[in-house]
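**Student:** Sequence:
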Amino acid sequence: MNLIDTLERLGVSYHFEEEIDELLERFFKLNSNYADKAYHLYTVALHFHLLRQHGYCISCDIFKKFIDENGKFKENIKSDTRGLLSIYETSYLRVHGEDILEDVIAFTTDILKSMAPHLSSTIEKQVAHALLKSMHEH
Numbered sequence: 001m002n003l004i005d006t007l008e009r010l011g012v013s014y015h016f017e018e019e020i021d022e023l024l025e026r027f028f029k030l031n032s033n034y035a036d037k038a039y040h041l042y043t044v045a046l047h048f049h050l051l052r053q054h055g056y057c058i059s060c061d062i063f064k065k066f067i068d069e070n071g072k073f074k075e076n077i078k079s080d081t082r083g084l085l086s087i088y089e090t091s092y093l094r095v096h097g098e099d100i101l102e103d104v105i106a107f108t109t110d111i112l113k114s115m116a117p118h119l120s121s122t123i124e125k126q127v128a129h130a131l132l133k134s135m136h137e138h
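Just so you know, we're using the UniProt record's numbering here: the sequence shown kicks off at 1 and counts up by one.
Take the hints with a grain of salt, since some may be wrong.
Stated by the list, open to error - Think about it this way: if two alpha-carbon atoms lie no more than 27 Å apart in a straight line, the pair counts; the simulated DSSO-like pairs of lysine-lysine are:
| id | residue 1 | residue 2 |
| --- | --- | --- |
| 1 | K78 | K29 |
| 2 | K113 | K29 |
| 3 | K64 | K78 |
| 4 | K125 | K74 |
Hint data in this document are derived by calculation from the structure and do not stem from the laboratory.
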């Protein structure tokens with residue numbers, strides 16, 4: 001999935017459309033148990049993003065494992081910059097009624113803005129670009 005994401009971000013995925021479609025179909029049919037602790041925020045967000053972007057019907061309920069008993073996002077994900085960035089970008093693929101993805105935007109925007117100045121230059125640029133891009137598109 002990381003390779004597919006990289007190919008798409010580089011703008012060369014059209015060279016591998018058949019292979020990408022085949023891999024995504026396989027991942028979708030696996031019907032992975034995303035509630036499993038082995039799946040971190042980044043992985044779940046990336047899978048959701050790619051599958052949703054390619055037209056698969058995937059429920060945003062897969063993000064419920066990151067919400068505590070009070071309905072708030074768990075504290076331990078606040079330090080996962082890569083995961084927060086991934087779920088932030090993913091949240092813009094929401095459809096009407098997906099409240100959890102609405103909450104993601106509010107939750108991650110402030111955190112990403114506050115942590116951006118303290119990040120390494122590479123990830124800081126990615127965060128700044130994502131925040132700027134979302135302001136222009138939405």
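**Student:** Now look at each hint and say whether the structure bears it out.
**Tutor:** Right, here's what the structure says about each hint:
About 31 Å separates the Cα atoms of K78 and K29, which puts this hinted pair outside 27 Å; it is violated. Among the hinted pairs, K113 with K29 is inconsistent with the structure: their alpha-carbon atoms are about 37 Å apart, more than 27 Å. With a C-alpha separation of about 15 Å, the suggested pairing of K64 with K78 holds against the 27 Å cut-off. Only pairs whose Cα atoms come within 27 Å are accepted, and K125 paired with K74 is accepted, the gap being roughly 26 Å.
Hint check: violations occur at hints 1 and 2; the rest are consistent with the structure.
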